[in-house]
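S.K.: Each chain is listed here by its residues.
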Amino acid sequence: MAQAVLNLPPSSLNPDQLKENHQALQKEQRSEARTMFRLTLPALLIVGLLMVAPIGWLLSMSFVGQDGSIGLENYILFFSEAVYREMFVNTFVIAFVVTAICLILGYPVAYLMAILPSPWSGFLMLLVLMPFWTSNLVRTFSWLIILQRNGLVNQLLVWIGAIERPIALVHNMTGTIIGMVHIMVPFLILPLYASMKAIDLNLMRAAANLGSTPAHAFRRVYLPLTMPGLVAGTIMVFVMCLGFYITPALLGGGRIKMIAQRIEESLALYPTWGPAAALAVLLLAMTAICLGVSLLLVRRLTAEMRG
Amino acid sequence: MESHVSHRERLWLYIFVGLVIFYLIAPTFIVVPVSFSSTTSLSFPPPGWSTRWYESFFGQEKWIGSTWVSLRVAFGTMVLATVTGIAASYALHVSKLRMGNLIRSTLISPLAVPSILIAIGIFFVYARIGGMLNTIHGMILGHSVVAMPFVILTMSAGLQSYDMTQEMVARSLGANRFKAFMTVTLPQLKFSVATSMLLSFLVSFDELIISLMISSGPVSTLSRVTFATLRDDVDPTLAAVSTLMLIVTCIPPLALHIVTNRAKKKGA
Amino acid sequence: MTLPSTTALPVQVQSLSKHFGEVRAVDDISFDIRPGEFLTLLGPSGSGKTTLLMMIAGFSRPTNGSIRIAGQEIVHLPPHKRNIGMVFQNYALFPHMTVGENIAYPLRLRKVGKAEIEDRVRNVLDLVQLGGYADRRISQLSGGQRQRIALARAIVFEPRILLMDEPLSALDKQLRETMQIEIRRLHDRLGMTTISVTHDQREALTMSDRIAVFSKGRLAQIASPTGLYEQPESRFIAEFIGESSFLPLRATPNGLAYGDQLIQFDEAPQHTSGNMLLMLRPERLRLATGDTSGEGANYFRGRVQTVVFQGESLLFEVMLDGGHKVFVRVANRSDSARLVPEEGQRVTLCLDRADARIVRAED
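Protein chains in written order, with my numbering: chain A, 2 to 308; chain B, 26 to 293; chain C, 11 to 373.
For the record, the hints were derived by calculation from the structure and aren't laboratory data.
Mixed in with the good hints, there may be bad ones.
[Stated by the list, open to error] Derived coverage of chain A by chain B (criterion: at least 3 residues anywhere in the stretch with Cβ under 8 Å from a Cβ of chain B; other residues may be distant):
1. 47-53
2. 56-62
3. 126-136
4. 145-156
5. 261-270
6. 282-292
[Said to hold, decoys possible] Each pair of labels, with its calculated beta carbon distance range:
7. C:K183 x A:F133: 49 to 59 Å
8. B:L127 x A:L298: 21 to 31 Å
9. C:S179 x A:F97: 57 to 67 Å
10. A:L292 x C:R146: 49 to 59 Å
11. A:R31 x C:T108: 34 to 44 Å
Cβ atoms here follow ideal geometry from the backbone N, Cα and C, with glycine treated the same way.
Taking the hints into account, I'd like the entire structure generated from these sequences.
M.R.: Given below as structure tokens:
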């Protein structure tokens with residue numbers, strides 16, 4: 002039987018031509034890559050020139066003293082001036098307290114969102130996301146109205162007889178914390194929900210089957226499994242609290258100063274930008290450390306879970 | 026999936042979550058009735074009803090002027106962030122740039138950096154070069170920094186679930202990359218684009234800290250004026266401003282939601 | 011009805027390679043495609059066939075090599091300048107356009123006049139037997155219809171050649187077999203050079219003038235369906251196209267032998283180097299009756315292991331005395347029912363001299 006096979010002569014492109022061809026193709030490849038890179042350039046320039054570069058500049062500026070000399074003068078201010086000590090204490094205390102309260106309030110919400118069937122779960126998610134659409138300014142203002150001397154909360158407390166005279170709920174740390182928790186809770190709920198959603202509920206059923214009470218199963222099985230999301234969410238909220246400006250400025254009554262406010266004030270207070278830059282670097286360092294810790298912890302926790 | 030724990034046993038959970046949700050959502054709405062109050066105190070319930078605060082808002086240059094500034098800046102940010110963000114997202118998605126991950130991380134990083142830091146960074150840059158402080162275009166650029174991550178994230182997600190063979194087919198039929206993108210890809214990414222535009226508009230409109238640092242006087246945004254008024258001289262016009270802001274920020278997502286659902290019904 | 015005018019053009023692939031670092035997805039491939047030919051690129055996944063198609067289309071840049079259509083080098087051209095029609099596996103019809111707008115798309119890009127566009131769209135829709143569908147939305151079409159619209163769109167602008175990437179894999183079996191014949195018929199009417207990629211050997215055998223079989227980035231063999239089936243060059247091809255059993259052969263002074271038995275060939279095979287195997291197609295083996303000695307044919311003795319009823323045929327497994335297993339396929343006809351052996355029965359299998367073929371053991 003005749004075979005319809007075409008026996009081809011070997012390639013008629015000689016090695017030199019092949020080499021030239023290869024180089025031409027590589028050149029085209031590089032040209033295309035360059036075009037693609039250029040497409041990212043406008044966005045990259047905006048973020049790079051207006052955020053990344055200035056941060057580097059901040060770093061160098063922080064080491065320049067008021068008379069122009071290089072040194073740690075601006076950083077020493079942190080220890081020498083009493084205002085700074087108070088500011089550090091305020092910032093950390095508020096951040097811790099707010100984060101803790103967010104955790105207590107947010108964990109059950111995330112839990113319910115994760116175990117409810119749709120459409121309820123979706124509905125709950127919508128409610129949790131709603132605050133994101135409203136400006137922080139508006140929300141903070143609402144708290145001002147509600148927490149003022151003759152505001153709703155005081156009226157209610159007096160009416161039910163819990164207190165005799167209205168108490169100061171705003172223009173102090175209390176008001177600041179209430180306002181910040183209000184803004185931060187959804188930020189904790191979302192990552193927590195994400196990690197909870199991934200948990201197989203059969204594990205809880207298996208625990209019950211083996212004789213565990215719901216509370217016990219929760220503590221020993223569910224809680225540990227939610228750790229990655231919990232750690233990520235908690236640290237993220239903490240970090241955001243550190244850098245907060247609006248709420249402490251408005252609900253703190255001028256008495257509560259956190260880092261962000263101090264940075265802004267330093268610009269007007271000192272003749273050079275050095276002190277403000279030093280504070281900025283400090284805030285940046287704290288943010289970076291927290292995020293780094295969060296990343297490592299989450300990675301280690303997820304690795305452990307995978308066994 | 027049904028849980029083996031009954032609803033009754035979980036009642037405390039439902040009540041607790043209900044309270045938390047109430048705490049999250051309800052307080053914001055207090056600005057609405059207070060905006061119709063007849064007195065200058067921010068008391069609730071208001072002793073009488075009146076629209077004087079709305080008249081005050083529309084009657085004062087500082088409010089109307091700053092609203093107009095905010096709208097222009099927000100619109101400009103929407104255009105700039107969306108266009109540059111779409112170009113960058115597309116390039117990152119389509120090519121295997123060696124620094125692709127680094128570029129993407131950089132573009133998304135403003136989310137992780139505290140706003141105050143971004144704000145003074147921009148302030149320092151603008152203070153050094155002339156013609157940027159206290160200008161509309163200066164603010165548009167500044168706001169685009171914080172809006173960029175939203176555009177990149179939204180567009181990247183949209184591109185992930187988009188079938189790139191559509192664009193390949195268009196190119197095989199004779200369209201160059203740009204034409205294929207404009208006539209085939211972009212129309213199919215309508216919702217991602219709309220969401221990006223909406224998010225960047227809202228991010229800019231709500232933005233306070235950057236505006237605080239780089240604008241003042243006649244070029245102040247609404248947020249800045251609101252903040253200054255809140256801090257210095259509380260005035261129920263603020264309640265009217267807040268109510269109006271609530272409406273502005275609630276309508277677009279609602280509209281988008283309705284349009285998306287109607288399109289889903291038609292397309293399915 | 012006027013057909014899109016097409017000319018049959020030859021395609022020449024030379025020294026084409028695509029390397030991804032150390033991996034050679036396509037390794038120095040050269041072959042020619044005759045004008046108007048329907049060539050199928052066949053191979054398992056990862057064999058490089060799709061990468062090759064993508065390089066011809068322009069979506070993948072070769073590491074080296076040349077691709078020429080009618081003598082014109084296209085390897086440095088971007089896809090939109092190559093004037094090549096392409097049908098993708100998932101059809102990639104534009105969902106935001108109607109059927110008519112989809113088909114008109116390439117014509118609008120070429121600035122064809124409105125009246126002419128309408129004409130050509132109508133013609134090509136009639137050609138794929140979907141006349142009148144111009145105003146339908148893509149979501150209203152069935153899988154088979156989408157396939158035909160994708161085809162219509164790919165040929166309406168009279169491309170120089172047509173490429174198809176697993177065009178039938180998304181269809182169910184029934185539709186696939188119908189479309190195989192449809193596409194072949196369309197190809198014959200248009201006379202366009204067509205290159206199709208598939209991993210389905212039956213599809214390749216049905217539709218192609220020639221098949222190029224790929225393995226691990228290299229071209230294993232290129233031949234007509236009959237040629238590949240009857241004269242595969244290696245075990246890989248013999249197994250990929252159709253079924254086969256193999257018996258190891260050793261070279262002796264008198265010829266090739268299986269054990270002590272000298273194999274009888276019609277034409278003495280050349281190129282017997284390395285490990286050679288005797289290829290036994292299951293349908294070419296017969297149960298021998300009568301005189302089973304002599305040199306008119308090849309006889310193998312063994313014992314039946316299993317008999318499997320497969321509807322149109324029966325397959326039985328025989329363990330030869332030489333220690334190797336072979337498969338025999340017998341058509342399920344009433345007169346052959348008498349010949350079907352039982353499990354455990356001793357049989358003698360017969361392979362005609364004309365059906366004796368050898369293949370290389372390695373690729």
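S.K.: Compare the structure with each hint and give your call.
M.R.: How the hints compare with the structure:
no. : hint                        : verdict
1   : 47-53                       : holds (count 7)
2   : 56-62                       : holds (count 4)
3   : 126-136                     : holds (count 7)
4   : 145-156                     : holds (count 7)
5   : 261-270                     : holds (count 4)
6   : 282-292                     : holds (count 4)
7   : C:K183 x A:F133: 49 to 59 Å : holds, 51 Å
8   : B:L127 x A:L298: 21 to 31 Å : holds, 24 Å
9   : C:S179 x A:F97: 57 to 67 Å  : holds, 59 Å
10  : A:L292 x C:R146: 49 to 59 Å : holds, 53 Å
11  : A:R31 x C:T108: 34 to 44 Å  : holds, 41 Å
Hint check: no violations occur; every hint is consistent with the structure.
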